[in-house]
Amino acid sequence: MISMALLELVDLHVEVGGREILRGINLAVNHGEIHVLFGPNGSGKSTLINAIAGNPMVRVTRGKIIFKGKDVTGLPTYERVKMGLGVAFQHPPKIRGVRLGELLQKMASKLAKERDVAKVASAVNMQGYLDREVNVGFSGGEMKRSELLQLLVQSPDFVLLDEPDSGVDIENLAVVANAINQLCEANVKPSMRVKSALLVTHMGHMLKYISADRAHVLFNGKIACSGRPDEILKQIMEHGFERCAECLQKREEA
Amino acid sequence: MRLEELRRKAREALAKPPAVGPDLDVSTFRLEAEKPREGLGGEVLERARMVGLEPSERDRAGTYLQLDHYALIEKAAAGGLEVMSISKALESYDWLADYYWRAVGVDSDKFTALAELKRTEGYFMRAKRGVKVDFPVQACLLIKTPKIAQNVHNIIVVEEDAELHVITGCATSKAAEGLHIGVSEFYVKRGGRLTFTMIHGWSEGIDVRPRTGVVVEEDASFTNIYVNLNPVKTFQSMPRVLLQGRNAKANLTSVIAASGKSFFDVGGAVYLKAEETGAEIVSRVVAKDEAEVVSRGLIAAERDRVKGHLECRGIILSPTSAVVAIPELEARARDVELSHEAAVGRIAEEEIYYLATRGFSEEEATSIIIRGFMDVDVKGLPPMLVAQIRRALDLTAKSL
Ligand SMILES: Nc1ncnc2c1ncn2[C@@H]1O[C@H](COP(=O)(O)OP(=O)(O)OP(=O)(O)O)[C@@H](O)[C@H]1O
Ligand SMILES: [Mg+2]
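Respectively, the protein sequence lines represent chains A and B.
Residues in the first sequence are numbered consecutively from 778, following my numbering.
Residues in the second sequence are numbered consecutively from 6, following my numbering.
These are computed hints drawn from the structure, not numbers from a lab.
Be a bit skeptical, because a hint or two may be false.
As the list claims (entries may be wrong) - Only pairs whose alpha carbons sit at most 30 angstroms apart, straight line, appear in this in silico DSS-like list of lysine-lysine:
#	chain 1	residue 1	chain 2	residue 2
1	B	K312	B	K403
2	A	K871	B	K403
3	A	K887	B	K293
4	B	K93	B	K133
5	A	K883	B	K403
Make the full structure from the sequences, and use the hints.
Right under this line is the structure:
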């Protein structure tokens, strides 16, 4: 059977620093879908993103990552990126001495894509930052916008967004959401959309601007619960993550 | 009288090993070189371009060009500026004796001694009182004949309230062997400003021993930018800057890309000898292959209300290369502010990963990070020099 999913995780087990953080993740994201990933601090959301992107700091001990129908579990990051993966970091590192504009130009020329970097930058209110060193002295919100700016230049088919809304003020939240919608082709008819996203967030605000298709709760190294984003969010708000754990327990007992 | 005394001291120091860095048997180098028949050309010219020589002399306030032991061009193209060979200058100006071997001791070691006893030219530059020379003056010292010792003595005088920007390049043809001794004495008078950018493109067979002394008077400033592009055999240099007058400032910045079997012992020492003086020493070192770099820095505070900061960062690219950082701070007064930071290590994996998510291979990411690492602050230099330095650094990052 040919998988329809753009990204598929099969029984994924992941270790960080010798500790097992993810214990059997199964997840499929289809073309044109936006999935939201909730979960308490330390539950392994960033670890999951790292595993999908191929960060050498995390180790897949079991299971598979299938992207565009191909098993990419052992592939280096930049090969996955060449295939159309993109990542917005929760905590991007400083790249000293490298200007943001310079990096964007290098990315564009590597992709052999015509990009009006200045224009893309102004779409995320970052036009004044092209001469700044990448992530050096950026405020929390600037850092998030810079991540999205880089993704907009890359324009990948599948974006991993690790808390793009954390620390972003109300006005900029709309800017960030706009950028995400642009990345996910929100203006295209749903049936025609091909680009997808996995979005990690702690806040419901974001979901007012973005129409997500599905949400999952990561708890105790597993997807404890999946469903409609608004319903899942409501559950978490009312009962906390504990309730999700119970849900998982019930399923495991069954 | 004084000259005889200098020569006597030099003779006595001819066997004196250097205070730091590897010793050399100077007798293995030839002290004579034939006067070159044709001018510059071929590979040497190419290398000269690489270290900043603008052969057309466009946008340059003056040019001094020396090949082996001979001055080929000595020209000043701006009012209030003088550029000439040191021999001509010493003949022309009796007062130059007051600047000759005053900032560097003739008996410091065998190299200074040899530079006095077997001097093979060097340049003299002078910006007259109040003159601001906008375009940089270029100096280029080249070695073409194998196995020679090029022993130059340079003097730069920036008079009261004058401003001078100098870019000097030193290069050899790739295959050359030899010794380069460069004695440099710089004097920046009250309110004056000197920026000195040096780009080196040596080769694997060359031993290099610059001996630099700088005296900076009240309200004057000295900026030294040093960029090394190519491997050498051995290199040892520790410019000594004396901030003599109140509110004198010094900034020493160096970028060393060491590859092959190069050995570098490179640093700078600034002595804060007057109140309200300030110094900053910044060094960036990248070592690969079997190269070894000793990176030194010394700031000595001898008066109150002075400030100094020393920063040394190193990247190690291979397990057989070495970086040794030796930052030193000396406080001999109470009201001083001295600090240093040093960090040596490999490139952070997190940064490589970050750039990988932007589509760059490990090799490409490494080169981007190294280029960024070498991107030192060159504020206060004329734009064309900044561009020149950028080009040199681009070349270096690519070659690593
Ligand atoms: N290098 C490491 N060594 C040991 N443990 C690590 C390492 N890196 C991460 N961890 C641990 O892995 C767990 C999952 O971390 P992760 O960053 O994936 O959580 P998260 O769900 O993204 O949390 P947050 O909401 O705070 O961003 C945490 O307990 C964290 O401390
Ligand atoms: Mg996280």
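For the pair we were handed, K312(B) and K403(B), check the Cα-Cα distance against 30 angstroms.
36 angstroms, violated
Hint check: K883(A) vs K403(B), CA-CA at most 30 angstroms. Holds or violated? 14 angstroms, holds
| 30 angstroms Cα cutoff - pair K93(B), K133(B) | 18 angstroms, holds
- Is the straight-line distance between the alpha-carbon of K887(A) and that of K293(B) 30 angstroms or less? 27 angstroms, holds
- Given hint K403(B) paired with K871(A) - CA-CA distance at most 30 angstroms: Holds - the C-alpha atoms of K403(B) and K871(A) are around 21 angstroms apart, at most 30 angstroms.
Checked against the numbered hints above, the structure violates only hint 1.
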